[in-house]
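Protein sequence lines, in the order shown, are assigned to chains A and B. Numbering-wise, this note's numbering puts 1369 at position 24 of the first sequence, and it's gapless, one number per residue. Numbering-wise, this note's numbering puts 1487 at position 142 of the second sequence, and it's gapless, one number per residue.
Simulated from the structure, these hints should not be mistaken for laboratory data. One or more hints might be untrue.
Identical copies carry no separate label here, and so any pair may be met within one copy or between two of them.
What the hints assert, rightly or not - Computed cross-link-like contacts, DSSO-like style, restricted to lysine-lysine with a CA-CA straight-line distance of at most 30 Å:
#	residue 1	residue 2
1	Lys1591	Lys1461
2	Lys1461	Lys1446
3	Lys1591	Lys1446
4	Lys1536	Lys1566
5	Lys1536	Lys1461
6	Lys1536	Lys1591
7	Lys1566	Lys1591
There are 2 protein chains.
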Amino acid sequence: MVRPPKSKAGASNQLQPAMVLVRPQLGENIGKTARAMLNFGLTDMRLVVPRDGWPNPAAGPAASGADIVLQNARIFDTVEDAVADCTLVFATTVRNRDMPKPTVTPRSASMQMQQKISLSERPAILFGPERSGLTNDDVACADTVLTVPVNAAFGSLNLAQAVILIAYEFSIQNDDTPSFQPAYPDGQADKAQVQGLINHLVGELEQTGFFRSEDRRTNQKRSIANLIHSAGLSQQEVQTWRGIVKALTR
Amino acid sequence: MVRPPKSKAGASNQLQPAMVLVRPQLGENIGKTARAMLNFGLTDMRLVVPRDGWPNPAAGPAASGADIVLQNARIFDTVEDAVADCTLVFATTVRNRDMPKPTVTPRSASMQMQQKISLSERPAILFGPERSGLTNDDVACADTVLTVPVNAAFGSLNLAQAVILIAYEFSIQNDDTPSFQPAYPDGQADKAQVQGLINHLVGELEQTGFFRSEDRRTNQKRSIANLIHSAGLSQQEVQTWRGIVKALTR
């Protein structure tokens, strides 16, 4: 079942990380990034000197309906301007810059961002141009480097993929979707119902001579009980199995 | 710093989840999926009746170098055949099917998959056709439903995005990248070095008459100590600050 994350589409007034695209090249990638953001409820897109100007006609179709993100995108002349209202800035890089900044994983960054937001502060994440990534000067504007732990032998994240992984991690920090939701909308069978099925089956097997020797009877019955108790049957499934047993013994 | 996940490019002999694309439509999406997989070290792609046949000339360019995944992709006639060697199968869906199967998050699924792999069993994940998703019959082949908790008001994950989120979650279950790596390849300054900077600065400030009243001197000195001790300076940064203080007092 899909549950809404805390941040919803259009909830741009809610404090959330600013996703700052620094000198993005293709409008199509800006559109895909908007879609990736909105999939996880993020709407604060900031563009620093997009190469092909703004608005860009290639962005809309690629956004696949995430138009609100593009409409609200703001343009800035410099990285410094784009993050002026933020208190914690991450720079995404794939290469080790050997810079005097700590490096964190998306999960760690997401926890830090949620902490900032709980203090009513705004975090931001810088993403570099598609081809070249952030410059050392861009990175120097950030507090912390954020690196997605990709396959060292094939690290080929595009802009929208990098954004979606970080948006996802941020979103699930605050998401209350249970990690496991049981099946059986009709309800799990209780043990009386399960025992009823076992008794029904064992009773019918008694008639057929399934339990050939008195020796093995106890073990065989225990095997059947283990089999059925551990199957995690729903009420409906118990009824289905009883119908099957009934049909087979007709 | 990028660290290799445990599964590396080309490590297809290592047990890892099979990514099963059921009736995928566009070759381009198959290529993008290969790229998404290899970004997180996954190479076991299985295709069930790809709409446009196989190989598909549109797949290669979209894979951006993840050719090994496409070359090793295997074709199957049915979902049942595709998962015949697997012991735990997840069906990815966005809609609530109201089916008698438990539903898990990507993180929970990833933990279950790692458990299976530690038992030398192979898990699999089913992904449906781009437009329509898995049918109820496809889902019936799975043990568990896997749902990415997207924004309920805008859930628009494409095939490669769904794959990359799950591949990422699987990969980081086993990834040993530290969540926080300190800055300062030259090493954090020890407290003697930091205290040396404080003494230098306070000494110079004494000369300038910065501490005007005896009353405030103690508080002012404490403020400076707090400021500098909590800045987390590296050895190099302590030297840089000492150079700055020296230059300002010339």
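Tested hints:
no.	hint	in the structure
1	Lys1591 to Lys1461	neither (62 Å within a copy, 36 Å between copies)
2	Lys1461 to Lys1446	within (19 Å within a copy, 38 Å between copies)
3	Lys1591 to Lys1446	between (70 Å within a copy, 25 Å between copies)
4	Lys1536 to Lys1566	within (16 Å within a copy, 71 Å between copies)
5	Lys1536 to Lys1461	between (48 Å within a copy, 28 Å between copies)
6	Lys1536 to Lys1591	within (20 Å within a copy, 80 Å between copies)
7	Lys1566 to Lys1591	within (19 Å within a copy, 88 Å between copies)
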